[in-house]
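Going line by line, the protein sequences match chains R and B. For what it's worth, this note's numbering labels the leading residue of the first sequence as 246, then goes sequentially. For what it's worth, this note's numbering labels the leading residue of the second sequence as 217, then goes sequentially.
Quick caveat, the hints were computed from the structure, so don't treat them as lab data. Treat the hints with care, since some could be wrong.
Here chain B is said to cover these stretches of chain R; the calculated rule only asks that three of the stretch's residues, wherever they fall, bring their Cβ under 8 Å from a Cβ of chain B [to be verified]:
| no. | stretch |
| --- | --- |
| 1 | 278-289 |
| 2 | 346-353 |
Counterexamples of contact, computed for chain R against chain B with all Cβ distances above 12 Å [as the list claims (entries may be wrong)]:
| no. | residue |
| --- | --- |
| 3 | Glu260 |
| 4 | Glu262 |
| 5 | Ile342 |
Glycine residues also receive a C-beta, built at the ideal position from the N, C-alpha and C atoms.
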Amino acid sequence: SQQGEEDPQALSIQEGENATMNCSYKTSINNLQWYRQNSGRGLVHLILIRSNEREKHSGRLRVTLDTSKKSSSLLITASRAADTASYFCATDQGSYIPTFGRGTSLIVHP
Amino acid sequence: GAVVSQHPSRVICKSGTSVKIECRSLDFQATTMFWYRQFPKQSLMLMATSNEGSKATYEQGVEKDKFLINHASLTLSTLTVTSAHPEDSSFYICSARGVGRDEQYFGPGTRLTVT
């Protein structure tokens with residue numbers, strides 16, 4: 246069964262705007278990872294955040310984790326057309342086998 | 217670093233034939249490799265987990281005799297789809313986790329079409 250569920254399923258914004266995607270999960274986790282997938286391609290690892298961390302940054306990406314609410318968010322600031330992709334969260338409950346959600350499809354209009 | 221390759225990227229085969237897909241970690245040793253299947257606009261569904269030198273662990277509902285997995289070395293795992301049927305057409309993605317690492321690194325995927 247899927248552990249992480251992304252919200253929204255689809256997001257359409259203009260270049261320069263910020264994009265926020267959320268991920269909720271059901272059971273306790275060791276870590277949560279965000280990935281990007283361009284259409285028909287493999288997944289690119291973006292950020293891993295551990296259960297004892299609350300926020301991580303990587304370039305224009307900001308990830309937060311709230312273990313009390315069992316949720317995470319991915320913020321992409323100053324979005325670009327090249328950010329158009331599907332974004333997945335994956336949770337690791339300790340088995341080192343990430344479980345993926347359905348993903349958020351992001352479209353950034355130039 | 218942490219590059220994973222897959223070969224072939226696309227393959228078309230006829231029903232009843234077998235197809236082998238290779239997954240290689242190019243610049244790190246992968247103690248564990250994972251095989252996923254993805255349908256259009258869907259999430260990744262884990263098929264099996266393979267550890268170097270041991271038998272793969274298959275997820276419920278995945279036929280191990282149909283999807284043969286071999287993890288012969290710390291840098292290579294193969295998935296063989298035997299007696300392929302059109303319903304096996306899908307996007308197959310492998311990933312690898314390095315020694316002592318939590319992150320998984322994914323290959324570019326293989327598009328299998330069975331006619």
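According to a criterion of three or more residues whose C-beta lies within less than 8 Å of a C-beta of chain B, is the stretch 278-289 of chain R covered?
Holds, because 7 residues of the stretch 278-289 of chain R bring their Cβ atoms closer than 8 Å to Cβ atoms of chain B.
Please settle this one: Glu260(R) was flagged as non-interface, so is its CB more than 12 Å from every CB on chain B?
holds, 24 Å
Taking the minimum C-beta separation from Glu262(R) to chain B, is that value above 12 Å?
holds, 24 Å
Against chain B, does the stretch 346-353 of chain R show at least 3 residues with beta-carbon separation below 8 Å?
Held - the stretch 346-353 of chain R has 4 residues with a Cβ nearer than 8 Å to chain B, which meets the minimum of three.
Is the Cβ of Ile342(R) farther than 12 Å from every Cβ of chain B?
violated, 6 Å
Checked against the numbered hints listed earlier, the structure breaks hint 5 alone; every other hint is satisfied.
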